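Engineer: Here are the chains, one letter per residue:
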Amino acid sequence: MPKVNGIEVLEKIKADERTKAIPVVILTSSNQSPDIKKCYGLGVNSYIIKPVEFEAYAKAIKELGLYWLLLNRPPE
Amino acid sequence: MDYSSIDILLVEDNENDAELAMRELKKNKLTSNLYHVRDGEEAFDFIYGTGKYVGVRSIENLPRVILLDIQMPKVNGIEVLEKIKADGQTNAIPVVILTSSNESPDIQKCYKLGANSYIVKPVNFEGYSLAIKELGLYWLLLNRPPEL
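In order, the protein sequence lines correspond to chains A and B.
First residue of the first sequence: 3, per this note's numbering; consecutive thereafter.
First residue of the second sequence: 815, per this note's numbering; consecutive thereafter.
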């Protein structure tokens, strides 16, 4: 992303006691192993690679919405 | 049993819940590479290749996902979570807390210790089976695991 990239955002959120409990899902086209490893090391909750095709992308968004909004119990 | 490529390590002291979870994951063809341990101490032995897992397991072959109960004998789930997330060798493994505790302090604590997800076990059979299926789909198919 321009200006501040997602890794910097993740790092700041997970380093601050007031925000670290917020679930963060990385949604990216990067399938690069160092990025993935780095995000998990910084405390990302989940890492999803954007499917390239429209339908698969729409399905992934639906599934992640169902998981994080209905199944997962968020922090207060 | 091939101990080296485990997709899911299930840490659960309730035999019924464990059996049902394993059956549901297998039934939905999500994975058959599952391993079940009954308390936190055995979870450490399995992950680190110590105790009864000396020689058959090694830290090199980490499970892709850990499903972790909180209330267990010997070493509880919070202690397991804390150790896994504090160790650079294991902190990338996604850990999903699967518990009957809907207590806000437990939830907050788990997220702060680095739990990837927190799921409250539905009480009824159908709800529990569905939750297991959905979490299996999410963590084994949609989520991209770290290269472990």
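If you are wondering where the hints come from, they were derived from the structure by calculation, not from laboratory data.
Just so we're clear, the structure is a prediction, and the values are computed from it rather than from any experiment.
Don't take each hint at face value.
[What the hints assert, rightly or not] Examples of chain A residues toward chain B, derived with CB under 10 Å:
{"no.": "1", "residue": "VAL27"}
{"no.": "2", "residue": "VAL46"}
{"no.": "3", "residue": "ALA60"}
{"no.": "4", "residue": "LEU71"}
{"no.": "5", "residue": "LEU72"}
Every residue, glycine too, gets a C-beta built ideally from N, C-alpha and C.
Engineer: All the hints need checking, so say for each whether the structure fits it.
Structural biologist: Hint check results:
1. Here the hint on VAL27 of chain A is kept, as its CB sits about 9 Å from the closest CB of chain B, short of 10 Å.
2. The interface hint given for VAL46 of chain A holds, since its Cβ lies 8 Å from the closest Cβ of chain B, which is under the 10 Å cut-off.
3. Taking 10 Å as the C-beta cut-off, the interface hint given for ALA60 of chain A is violated, the closest approach to chain B being about 13 Å.
4. Interface hint at LEU71 of chain A: violated, since its Cβ lies 12 Å from the closest Cβ of chain B, which is beyond the 10 Å cut-off.
5. For LEU72 of chain A, the shortest C-beta to C-beta distance to chain B is roughly 9 Å, which falls under 10 Å, so the interface hint holds.
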